[in-house]
Amino acid sequence: MPIIGGHVSIAGGFDKSIDRAVAIGANTLQTFASSPRSLSTTQFPEEVLDLYQQKKSAAGMESHFFHGVYLINLAHEKPDYVLASIESLNFYQALAGKIHGAGTIFHLGSHKGAGFAKVKKQITQAIEQVLIKTPDGVALYLENAAGQSGAIGADLSELRQLYDGITSPELRSKLRVCYDTQHGFSAGLDIRSHKAMTATAAHIDNRLGIDLIGVIHANDSMVELGGQRDRHENIGRGKIGAAGFTAFVHHPAFRDLPYILEVPGTDKSGPQAADITALAALFV
Numbered sequence: 271m272p273i274i275g276g277h278v279s280i281a282g283g284f285d286k287s288i289d290r291a292v293a294i295g296a297n298t299l300q301t302f303a304s305s306p307r308s309l310s311t312t313q314f315p316e317e318v319l320d321l322y323q324q325k326k327s328a329a330g331m332e333s334h335f336f337h338g339v340y341l342i343n344l345a346h347e348k349p350d351y352v353l354a355s356i357e358s359l360n361f362y363q364a365l366a367g368k369i370h371g372a373g374t375i376f377h378l379g380s381h382k383g384a385g386f387a388k389v390k391k392q393i394t395q396a397i398e399q400v401l402i403k404t405p406d407g408v409a410l411y412l413e414n415a416a417g418q419s420g421a422i423g424a425d426l427s428e429l430r431q432l433y434d435g436i437t438s439p440e441l442r443s444k445l446r447v448c449y450d451t452q453h454g455f456s457a458g459l460d461i462r463s464h465k466a467m468t469a470t471a472a473h474i475d476n477r478l479g480i481d482l483i484g485v486i487h488a489n490d491s492m493v494e495l496g497g498q499r500d501r502h503e504n505i506g507r508g509k510i511g512a513a514g515f516t517a518f519v520h521h522p523a524f525r526d527l528p529y530i531l532e533v534p535g536t537d538k539s540g541p542q543a544a545d546i547t548a549l550a551a552l553f554v
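Numbering of the sequence shown is given in this note's numbering, commencing with residue 271 and proceeding in unit increments.
Calculated directly from the structure, the hints in this document are not laboratory data.
Given the structure is predicted, the values throughout are model-derived calculations rather than measurements.
Among the hints, erroneous ones may be present.
Below, computed lysine-lysine pairings styled on DSSO-like, alpha-carbon distance capped at 27 Å [said to hold, decoys possible]:
no., residue 1, residue 2
1, K325, K286
2, K391, K348
3, K388, K348
4, K368, K403
5, K348, K390
6, K325, K368
7, K348, K382
Given the sequences, and given the hints that come with them, work out the whole structure.
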């Protein structure tokens, strides 16, 4: 059975995320652990976390991924801002350890025109600080970017360089990649046919190392191939299409990974049961 979930809300209590995941037929989930538009953090009462664990166990949920807040930028020119980004990630990783979660997926940020080479060392050092405090059994997931100007990670070799910059094997073992299908497509990586998928998989392996990918953000695209914009669409309704996702999920490197939907859903409220079903049907 494929591992498919969606990004759901924690509104009303952290444990409510499990209720929402179950309601859409998910067997994994992704949430924020604080406001996505603030670097400040939220402490959850122990009784809420206990209730969460009870619900998660009863639901047989495979895993729980966090998504880092949108304001994180490890390439920022101000040291205080980078430190605040690190502290946000440290909070998320500590909570992931507490709830036996998979870890935190996050956008690295933007070099704002300075160029990747100029900020690479700074980002690597910031990632290392997070990995040092990351609990055992928890991973930090670097997400590929859609190709927006200055965004780090549209060129997958940048993610590989950051990975290689972590010299400690112990710390490096906690660093993985989340591959977002819409971001990859928007950055020029075509998966719309078996032939295109084969070429893209080879490109990913050459630029990144396909074995570093530990989770998939499964999103169709509102924008054309190479459009360089982060715009998600429901599976099969966008420019990638059902044939593209069929080719993707049947590739041996990706078939058994967890898939997280970040699609708008039919009512624009986020992933629904129909979206889970639509993706699951393509695995057959």
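| Violated hints - listed by number, lowest first | none
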